[in-house]
Amino acid sequence: MMDPAIDRVLTRWSPERQERARAVLAAYPERRSTVMPLLYLASREHGYCSREAMVEVGKITGLTSIQVESVASFYSMYRRQNVGKYVISVCTSISCFLRGADDVLAAIEDETNTPDGETSDDALFSVEHVECSGACGGAPAVAVNWELIEGVLPDKGRALCQWLKDTQPETVLADEMQALFGGQQSFDWGIAEPQGATSHVPAFERYDSAGDAS
Amino acid sequence: MADTPQPELVTITLNGVDTEVRKGQLLIDAAEQAGTYIPRFCYQNRLKPVGLCRMCLVEVEGPRGTALVPSCTQPCTEGLVVDSENAVVHKAQEGVLEFLLLNHPLDCPVCDKGGECPLQDHTVAYGPGESRFVEEKRHYEKPIEISDLVLLDRERCILCARCTRFCDEISGDSLIEFVDRGNGTQILTFFDEPFASYFSGNTVQICPVGALTAKPYRFRARPWDLEAIESISMVDSVGSKVSVQTSQNQVLRINGVDSDTTNHGWLSDKDRFTLQAIHSEDRLRVPLVRKDGELVEASWGEALELVAERLGSVRGDEVAGLGAARSTNEEAYTFAKFLRSVVVTPHMDAQLDDALSDEFLAATLNRAEINDLETAGTILVWAGDLKEELPVLYLRVRRAATILGATLIVIHPRRTGLSDVADHVFTYRPGEGADTLRRLKAGDGPFAEARQALDSGPVMTIVGRTGGAEDPRLAESVAAFARTLPDAAIMPLARRANVYGALDMGVSADLLPGRVSVRDTEGRTALEDAWGPLPEGRGKHATEILQGLKSGDLKALITLGADPVGNHPQPALAGEAVESAEFVVSLDTLLNATSARADVVLPVAGFGESEGTATNLEGRVQKLNRIIPPPGQARTTWSVLDDLARRMGATLGAHDAETIMKEIASIAPAYAGIDWALLDWGEGRDGVVLPGPDGTQPLQHMPVETSVTATTGRFTLHLGRVLYDNADVVRNSPSLDVLVQPASAAFHPRDLAVLAVQPGDSVRLAGDYGTVELAVRADESLAEGTVYVQANMDNSRALGASLIVQVDAVRGEGS
Chain F
1 MMDPAIDRVL TRWSPERQER ARAVLAAYPE RRSTVMPLLY LASREHGYCS REAMVEVGKI
61 TGLTSIQVES VASFYSMYRR QNVGKYVISV CTSISCFLRG ADDVLAAIED ETNTPDGETS
121 DDALFSVEHV ECSGACGGAP AVAVNWELIE GVLPDKGRAL CQWLKDTQPE TVLADEMQAL
181 FGGQQSFDWG IAEPQGATSH VPAFERYDSA GDAS
Chain L
215 MADTPQPELV TITLNGVDTE VRKGQLLIDA AEQAGTYIPR FCYQNRLKPV GLCRMCLVEV
275 EGPRGTALVP SCTQPCTEGL VVDSENAVVH KAQEGVLEFL LLNHPLDCPV CDKGGECPLQ
335 DHTVAYGPGE SRFVEEKRHY EKPIEISDLV LLDRERCILC ARCTRFCDEI SGDSLIEFVD
395 RGNGTQILTF FDEPFASYFS GNTVQICPVG ALTAKPYRFR ARPWDLEAIE SISMVDSVGS
455 KVSVQTSQNQ VLRINGVDSD TTNHGWLSDK DRFTLQAIHS EDRLRVPLVR KDGELVEASW
515 GEALELVAER LGSVRGDEVA GLGAARSTNE EAYTFAKFLR SVVVTPHMDA QLDDALSDEF
575 LAATLNRAEI NDLETAGTIL VWAGDLKEEL PVLYLRVRRA ATILGATLIV IHPRRTGLSD
635 VADHVFTYRP GEGADTLRRL KAGDGPFAEA RQALDSGPVM TIVGRTGGAE DPRLAESVAA
695 FARTLPDAAI MPLARRANVY GALDMGVSAD LLPGRVSVRD TEGRTALEDA WGPLPEGRGK
755 HATEILQGLK SGDLKALITL GADPVGNHPQ PALAGEAVES AEFVVSLDTL LNATSARADV
815 VLPVAGFGES EGTATNLEGR VQKLNRIIPP PGQARTTWSV LDDLARRMGA TLGAHDAETI
875 MKEIASIAPA YAGIDWALLD WGEGRDGVVL PGPDGTQPLQ HMPVETSVTA TTGRFTLHLG
935 RVLYDNADVV RNSPSLDVLV QPASAAFHPR DLAVLAVQPG DSVRLAGDYG TVELAVRADE
995 SLAEGTVYVQ ANMDNSRALG ASLIVQVDAV RGEGS
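Heads up: the protein sequence lines correspond to chains F and L, in order.
Mapping of the first sequence onto my numbering: position 141 corresponds to residue 141, and the numbering continues sequentially without gaps.
Mapping of the second sequence onto my numbering: position 70 corresponds to residue 284, and the numbering continues sequentially without gaps.
Simulated from the structure, these hints should not be mistaken for lab results.
From a predicted model like this one, the values you see are computed outputs, not experimental measurements.
Beta carbons are placed, not taken as given, at the ideal position from N, Cα and C, and that holds for glycine.
Among these hints, one or two may not hold up.
[Stated by the list, open to error] Here are the simulated EDC-like cross-link-like pairs (lysine to aspartate or glutamate), alpha carbons at most 20 Å apart as the crow flies: (1) F:Lys59 / L:Asp297; (2) L:Lys655 / L:Asp669; (3) L:Lys769 / L:Asp743; (4) F:Lys59 / L:Glu407; (5) F:Lys59 / L:Asp387; (6) L:Lys655 / L:Glu919; (7) L:Lys769 / L:Glu790; (8) F:Lys59 / L:Asp406; (9) L:Lys429 / L:Glu330; (10) L:Lys769 / L:Asp406; (11) L:Lys262 / L:Asp387; (12) F:Lys59 / L:Glu344; (13) L:Lys429 / L:Asp951; (14) L:Lys305 / L:Glu344; (15) F:Lys59 / L:Asp382; (16) L:Lys429 / L:Glu407; (17) L:Lys764 / L:Glu790; (18) F:Lys59 / L:Asp634; (19) L:Lys505 / L:Glu793; (20) L:Lys237 / L:Asp297; (21) L:Lys769 / L:Glu796.
[Claimed, not checked] With the C-beta cut set under 7 Å, the calculated list includes, among others, these residues of chain L facing chain F: (22) Phe313; (23) Leu315; (24) Cys322; (25) Ser388; (26) Arg395; (27) Thr403.
[Stated by the list, open to error] Listing some non-contacts, in silico: residues in chain L with all C-beta distances to chain F over 12 Å: (28) Glu222; (29) His353; (30) Gly386; (31) Gly396; (32) Phe404; (33) Thr589.
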């Protein structure tokens, strides 16, 4: 039997996410083990990993709010501040750096008028530099809502921003952006990810958080 | 209870010396017992080891050569070869300290911990002396107030996690945690939510640096200026061991002392911070005598003469005594002796008819010790909310359920502090306890699993009155059932610090000193040999005393640290009784609702000011010590009573408290052989548990079995206690006074709908003893038909404790 405290939280969520949360809860023997996937779901529900989102995850997992925050604050991919519709992450680790990532970052900051680590006034873009995206063979790499584009040069970066501004797609898709703005790819990633991402919360197939228009 | 098996021993080589230690014992503990202290920060013997700070690294020989291992996570095995003092270990210790000091501010001169700081001490003893780190240290806003009691200086924190582990493992209030783990790791609460734990003071005590400080002590003293003495907390009946620390005759700090038998070193914040009441401006310092309706200062001679004259002008059995439940055994004994042999009255009560019967408390068969929790297979708690009433006992039960794996069954009218860790939780409507017990016994429906668990012993049962309005005989019925369970151990609960001692001393309508029934002719004769002729028969209990005063059957009342007007379940009766009494004399430390109406008020010594013994809820007699003089002209209770007796032409023979104990030992059968010398340092430091009743004891109390009529219609009242209530010591401790929340009326949400009220609305509660208006609250854990009100609060006291109350919504007029 599900704890009524869990129901009280989940019934506030969208039906799809409620269902996902219940599937996650069913997958673990201990409730507290679900804290990380639930933080993604709650972030989707609230737009980001807000205070309210952490309180709700605490109620579901039986942890106190501060125990949830202790987990959430360790991982930079749980956004504890609200971010733009498109989070552009420029890899500046060694391979990308050697291939001119700093220029790519500068171009994107300039084109979006958003300094590194900040969100644009119209809440369309957040720009950040990140550590290794795992795409060294296709450096420099840029990700939009964790959808990865390889071989992005500064002018392609500008074009990418312009395109996002003009078309404002609800779903961004790695393959599509790769074709439009990408360059050299490291290798074929194999698994097709046709769903794309609809927010800065990573579109992990496992948690089925993709393809869900928030 | 089961015998503890002999531990298996192994031999380890510690710094070249072969040492026999317990197999599996942690190396850091084994070494300490063998006389080798290994420095540590994160390791605390009552918390699980985590190996976090690396300060306790030692070199251990392994199959592939030697390696540095943290001794707090290394179990002892046969042939373990350890070096804790060689150059490699020293280098590691220096390295650890250099790292810890990278960001630690060297503000020791203004830090409260300076002088008793493990980081400071270890740096001197094991540190490198100089740091190679010349960059800017970390800075944080300081201090931040994480609760009304605790302040946090984050830059001093060395991230040992003692505080967070205490909250997680021991108290269960995980309200502080590490956040921003990484370069900016820090301890924080969740946004602006306070660290509102009843046990927050313990984190301050175990913090190995000055990161957590308690407001009441901050900047009040330097450790080297403090004098300390060991004593027993007189806040509740657990008898927690404390260190009372003073400077210039002011008690500035109370810390927990680790005792295997009682508190494991932990205290509630009430134990810790009510010290402020000792030096309250309102402490009584001189005798007060009522003249023209006003209490005015008087000399001891004048006040005592007046009391002697007034008590002498009425018949002995027209006088009654209430109190002594917060006094020492010696004081309580003197009180009982004064009443029975000088005033010659049988009417006295250490309780206010708000807990369990005297005989049940004093002489339960199969009486449990707190440590029976360590070996219990199943624990049944059918009592008040332990977290609110006896917080340290709550910690011990919680430990048994979470760490030791006992099956915990909690039965109470609503969810309690233990519900989260209990295996089986049952709630019931007050008044329907007998039916609930019947169903538990039968293993009826939802009770089946719990009933099965009660078959695997040893079964420890903690019984008490779940709320002020509940029939006290229910607890005896529960105990009668509990006695039938395998390896049964039973702990009947009362809260007041030395209520068990006061009953043992004979401050009771039913009991003579030493757990002798007043009906026991043999015991009575023995006492008369020592005390002279005693009043006949059984005396009146608290409620009967108040009724007697009101009707005029009784003329005079003596209270000793008791406040019937403030605390008796029938507040109106108590008020009228004190008003009607011809003469009321109060011996107390603070003016309360009763003593404020007394004719004479005599100031007496309180906690830390008088020496003696106290008997806790398991029957353990422990020593209380004196470290400061009483304020002003206040005197010890026994000397006041002795003086009074002489003025009434009698003598109590009370020359000093230690002699009184000798007299108790010679007169009270259960206390035979108890001696102060026995309870001092060394062997008797943890006190002595008095033998429970058996064939040779004069009193055998067999719990009665009764059924309480289940009530229908209207609401039944659950009058439950909360830790920070209207108690004098809380009200006179500014740090705790701010934590007192007004009472409210809680209902199940469906009852709210029936009453057509919303949380925040007001309802009027009318019971047999009074009427109050309270704000409404929803509480899903309550059974329908129940209203839960916090007992003993300013705005709930007038209600009294009647089981049935009429509830009506209060509609705002014209709004």
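| field | Distance restraint between F:Lys59 and L:Asp634, which requires alpha-carbon spacing of 20 Å or less | value | Given that 20 Å is the threshold and the Cα spacing comes to 13 Å, the pair holds.
| task | Under 7 Å, Cβ to Cβ, is where L:Arg395 needs to be relative to chain F, so tell me if that hint holds or is violated. | result | 4 Å, holds
| Interface hint for L:Ser388, Cβ within 7 Å of any Cβ on chain F | 4 Å, holds
| field | 20 Å limit on alpha-carbon distance, applied to hinted pair F:Lys59 and L:Glu344 | value | The given pair, whose Cα atoms are some 48 Å apart, is violated under the 20 Å limit.
| said: Would the hint linking L:Lys764 and L:Glu790 be met if the CA-CA limit is 20 Å? | reply: 6 Å, holds
| field | Restraint status (C-alpha distance of L:Lys237 to L:Asp297 at most 20 Å) | value | 18 Å, holds
| CA of L:Lys262 to CA of L:Asp387, is that 20 Å or under? | This hinted pair holds, its Cα atoms lying about 16 Å apart.
| request: Take the C-alpha atoms of F:Lys59 and L:Asp406, compute the straight-line distance between them, and say whether it is at most 20 Å. | output: OK: F:Lys59 and L:Asp406 at ~18 Å, within 20 Å.
| task | For the pair supplied as a hint, F:Lys59 and L:Asp387, confirm whether the alpha-carbon distance does not exceed 20 Å. | result | 14 Å, holds
| message | For F:Lys59 and L:Asp382, compute the direct alpha-carbon distance and say whether it is at most 20 Å. | response | Since the Cα atoms of F:Lys59 and L:Asp382 sit roughly 16 Å apart, the hinted pair holds (cutoff 20 Å).
| request: For the pair supplied as a hint, L:Lys429 and L:Glu330, confirm whether the alpha-carbon distance does not exceed 20 Å. | output: It holds: about 18 Å lies between the C-alpha atoms, which stays within 20 Å.
| message | Would the hint linking L:Lys429 and L:Glu407 be met if the CA-CA limit is 20 Å? | response | 18 Å, holds
Checked against the numbered hints above, the structure violates hints 1, 3, 10, 12, 22, 23, 24, 30, 31, 32; every other hint is satisfied.
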